[in-house]
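*Asks:* Start from the sequences, fold in the hints, and give me the full structure.
There are 2 protein chains.
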Amino acid sequence: MQFELTDELIEQVEVLVEEKKDKELQKLLKEFHYADIAEILDELNLEEAIYVIKLLDSETTSDILMELDEDNREKVLRNLSAKEIAEEVEELDTDDAADMISELPEERQQEVISNIEDEEHKAEIKELLAYEEGTAGALMAKELVKVYETWTVAGCLRRIRGQAKEVTRVHSIYVVSREEKLVGRLSLKDLIVAKSEKKIGEIAKDNVDFVNVNEDIEEVARLMAKYDLEAIPVIESDDNKVLLGRITIDDIVDVMKEEAERDYQMAAGITGDVDSDDSIFELTKARLPWLFLGLIGGVGAFLIMEGFKGLFVEKAVILFFFTPLIAAMAGNVGVQSSAIIVQGLANDDVRGSVNSRLFKEMLLAALNGFVLAIFLFLFVYLFEGRLDLALAISVSLVAVIIVAGLIGTFVPLFLNKRGIDPAIATGPFITTSNDILGILLYFWIAKLILGI
Amino acid sequence: MQFELTDELIEQVEVLVEEKKDKELQKLLKEFHYADIAEILDELNLEEAIYVIKLLDSETTSDILMELDEDNREKVLRNLSAKEIAEEVEELDTDDAADMISELPEERQQEVISNIEDEEHKAEIKELLAYEEGTAGALMAKELVKVYETWTVAGCLRRIRGQAKEVTRVHSIYVVSREEKLVGRLSLKDLIVAKSEKKIGEIAKDNVDFVNVNEDIEEVARLMAKYDLEAIPVIESDDNKVLLGRITIDDIVDVMKEEAERDYQMAAGITGDVDSDDSIFELTKARLPWLFLGLIGGVGAFLIMEGFKGLFVEKAVILFFFTPLIAAMAGNVGVQSSAIIVQGLANDDVRGSVNSRLFKEMLLAALNGFVLAIFLFLFVYLFEGRLDLALAISVSLVAVIIVAGLIGTFVPLFLNKRGIDPAIATGPFITTSNDILGILLYFWIAKLILGI
Numbered sequence: 001m002q003f004e005l006t007d008e009l010i011e012q013v014e015v016l017v018e019e020k021k022d023k024e025l026q027k028l029l030k031e032f033h034y035a036d037i038a039e040i041l042d043e044l045n046l047e048e049a050i051y052v053i054k055l056l057d058s059e060t061t062s063d064i065l066m067e068l069d070e071d072n073r074e075k076v077l078r079n080l081s082a083k084e085i086a087e088e089v090e091e092l093d094t095d096d097a098a099d100m101i102s103e104l105p106e107e108r109q110q111e112v113i114s115n116i117e118d119e120e121h122k123a124e125i126k127e128l129l130a131y132e133e134g135t136a137g138a139l140m141a142k143e144l145v146k147v148y149e150t151w152t153v154a155g156c157l158r159r160i161r162g163q164a165k166e167v168t169r170v171h172s173i174y175v176v177s178r179e180e181k182l183v184g185r186l187s188l189k190d191l192i193v194a195k196s197e198k199k200i201g202e203i204a205k206d207n208v209d210f211v212n213v214n215e216d217i218e219e220v221a222r223l224m225a226k227y228d229l230e231a232i233p234v235i236e237s238d239d240n241k242v243l244l245g246r247i248t249i250d251d252i253v254d255v256m257k258e259e260a261e262r263d264y265q266m267a268a269g270i271t272g273d274v275d276s277d278d279s280i281f282e283l284t285k286a287r288l289p290w291l292f293l294g295l296i297g298g299v300g301a302f303l304i305m306e307g308f309k310g311l312f313v314e315k316a317v318i319l320f321f322f323t324p325l326i327a328a329m330a331g332n333v334g335v336q337s338s339a340i341i342v343q344g345l346a347n348d349d350v351r352g353s354v355n356s357r358l359f360k361e362m363l364l365a366a367l368n369g370f371v372l373a374i375f376l377f378l379f380v381y382l383f384e385g386r387l388d389l390a391l392a393i394s395v396s397l398v399a400v401i402i403v404a405g406l407i408g409t410f411v412p413l414f415l416n417k418r419g420i421d422p423a424i425a426t427g428p429f430i431t432t433s434n435d436i437l438g439i440l441l442y443f444w445i446a447k448l449i450l451g452i
Numbered sequence: 001m002q003f004e005l006t007d008e009l010i011e012q013v014e015v016l017v018e019e020k021k022d023k024e025l026q027k028l029l030k031e032f033h034y035a036d037i038a039e040i041l042d043e044l045n046l047e048e049a050i051y052v053i054k055l056l057d058s059e060t061t062s063d064i065l066m067e068l069d070e071d072n073r074e075k076v077l078r079n080l081s082a083k084e085i086a087e088e089v090e091e092l093d094t095d096d097a098a099d100m101i102s103e104l105p106e107e108r109q110q111e112v113i114s115n116i117e118d119e120e121h122k123a124e125i126k127e128l129l130a131y132e133e134g135t136a137g138a139l140m141a142k143e144l145v146k147v148y149e150t151w152t153v154a155g156c157l158r159r160i161r162g163q164a165k166e167v168t169r170v171h172s173i174y175v176v177s178r179e180e181k182l183v184g185r186l187s188l189k190d191l192i193v194a195k196s197e198k199k200i201g202e203i204a205k206d207n208v209d210f211v212n213v214n215e216d217i218e219e220v221a222r223l224m225a226k227y228d229l230e231a232i233p234v235i236e237s238d239d240n241k242v243l244l245g246r247i248t249i250d251d252i253v254d255v256m257k258e259e260a261e262r263d264y265q266m267a268a269g270i271t272g273d274v275d276s277d278d279s280i281f282e283l284t285k286a287r288l289p290w291l292f293l294g295l296i297g298g299v300g301a302f303l304i305m306e307g308f309k310g311l312f313v314e315k316a317v318i319l320f321f322f323t324p325l326i327a328a329m330a331g332n333v334g335v336q337s338s339a340i341i342v343q344g345l346a347n348d349d350v351r352g353s354v355n356s357r358l359f360k361e362m363l364l365a366a367l368n369g370f371v372l373a374i375f376l377f378l379f380v381y382l383f384e385g386r387l388d389l390a391l392a393i394s395v396s397l398v399a400v401i402i403v404a405g406l407i408g409t410f411v412p413l414f415l416n417k418r419g420i421d422p423a424i425a426t427g428p429f430i431t432t433s434n435d436i437l438g439i440l441l442y443f444w445i446a447k448l449i450l451g452i
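Here the protein sequences line up with chains L and G, keeping their order.
Under the UniProt record's numbering, the first residue of the first sequence carries the number 1, and numbering increases by one thereafter.
Under the UniProt record's numbering, the first residue of the second sequence carries the number 1, and numbering increases by one thereafter.
Check the hints yourself; a few may be wrong.
One copy or any two copies: either way a pair holds, since identical chains are not told apart in the list.
[Claimed, not checked] Heads up, simulated DSBU-like pairs for lysine-lysine below, C-alpha to C-alpha not over 30 Å straight-line:
#, residue 1, residue 2
1, 241, 205
2, 75, 360
3, 189, 205
4, 198, 241
5, 27, 226
6, 54, 205
7, 241, 122
Just so you know, these hints were derived from the structure itself, not from any lab.
*Replies:* Right, dumping it as structure tokens:
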């Protein structure tokens, strides 16, 4: 069953498109999953991709469109009429439909919505579009299987045969009161195993997990991962538990992937969720600001060294030759400690007082710094033969490492307390500030020890 | 339903443990999900945690144990007898049971296994333990719902009532031939909707996804995310499709989280999957080797500068003051480009030739470098008033950025081609090598331009 995207396959599709062999093309693509077809289309040029999409039926193409690379989807949609997009939207579940529409320019959104024929689908999509991005409401789907607590098992089985047809996967059956409020849940398994004359209210489990419609999706992801949930119902509010929709684990998997990628890029000094196939302009926009920060840091380091020039160039010019080492160590230690704290915060397992964290980091940095300083001491002493220089450089190294570790620990904790995403504290930000501070500290301590 | 781990709650539990108020403690903890109880226990000391575990029944404690922090689980298990552990294992699904046993020391593993009373469970656990770590076989569970293609819908419903009881969640019903080979799948929904006299073979879907028992779990995760699968059956081999087990999405969610965390830590120069609560010794083991690499790099930078001392100290000592800037920019650019390639490789969307990648990165680096060099040129010229120095420093900056970008792009592609995890190319490794090379290049170019 393994699909492999080969150059031969892409070429085969390109040739069929060029020669307009529609039948053969349809036959070839019918073999593949829509996610695989999307991978093929991502490799074609825009005209070829649009040709294929217009060739296939909208039941398949709507799914393909959702799997396309976001940039490519945007380009393809720009080449479809509002009516054509509305036809794709009709085939999608409400959550995907709302996603696709929300990516369109404002004025096209209205045009597409007004072209949707199914009134219920239209109303549901409009509802989803109204929720703020990043909330449970914006991620949920309206499709779910719902039963009333007063129904019997037999009546219930009969009725959900109808509902289930439009729901791709039945995870849980949600039990609601007459006022549409969530009161419990059932699995299909429970229903099959139960006696047919029982009332739903009697067999439903009442310990049902749920989230509010305004809940942050990263919190929803955390809950679903923690409790191993495959779907979670979304309600209006804690006071008014009206069932509004449900979120499934496949959407959460995507949220988690995006989150991990964003954090990873942030740590590497890249913003804006780019990938290697984006344009040079987009990549520059994502990378240049952080490089500029590094430049500012480098100029800062220059100014510090310039300030110590008079003092050291004559008597201990060698000190200047260790600034890259000091800066690198300060940067590395800072990133290590901030990464551990950022990750702990993301997993919600940083507990205890800030002071005890800082104390632990200090011990750790002191231990690491001491080991490294011994090597550096021996190197400088053997190379230069001056005990005072070797002492000055290695003592500063320990001090710099301790300070860098403390800053790396403190900054993300501080940002988090202020409600700012601590992930920005990793990467270039922490490296740059530690570089400058490290070099400054290094010259101060050296000056003190050498007595210059 | 929101559970919150408060200091008050932890204290309340601690007091109840200390005063041995078993009834009250049981009543309090009964309210919570096992994942929440695990969070509480992670905050208690070992004796308290063991007290609570011995108090609760093994149906709950087995799940709690699986949710505990790995280090804490190890400590707790060390304080339970082989017989007690075997009792916990009896309550777990085969995949969790095998995981728990595999964490024990070799000699205890045998002891625990021989204490398992259910012979079928014991045999299944032994089978799972035999698969290599990191493969589908080691992750899968033996619990699944299986029907033969020759059964009728009615007979099938009757029989799976029995099977389903021991399967926590029914994702798919797998259809097998008389030889136990996977031939298709069904959802419970399909079964309920179908006429009761139909044969399973007639209503089963034959386009069933599956993985081989030796498949790498990261590949399984990629497939399940791509095709939005909630469970995937595991077969013996492509030639012999005997159904061996199934993998569910909740396990994959854990795999994805661990993978993301490992990559993130790697980029920050931390190895060995530590977290902020680990001991100082463990944290040192994870961090010191990378810092040592940084130290070597710094010594390398020192030796280069020492080599250019005679040439520059008299005539252009200012050049030395820009080494931290050059090193920082080389490091930052290198990490940016390698992070994008590493992520692209992980998502399997780095296509096209290596040369075109390198060419694109060269253009990108040249563009970024040029913008940054203008600022640096103006700064040096205004600060020092020497055109030749300003030119030498800013031209080297462009060159260093281009080379760093190329290395950052090439190294992960090269490692990946060699079958080495490209993620090691981010973080300290790329920073350190770029630092040294950048500084060397910088002095060469400066020497050339200044004609010294």
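*Asks:* Quick one: which hint numbers does this structure break? Sort them smallest to largest.
*Replies:* none
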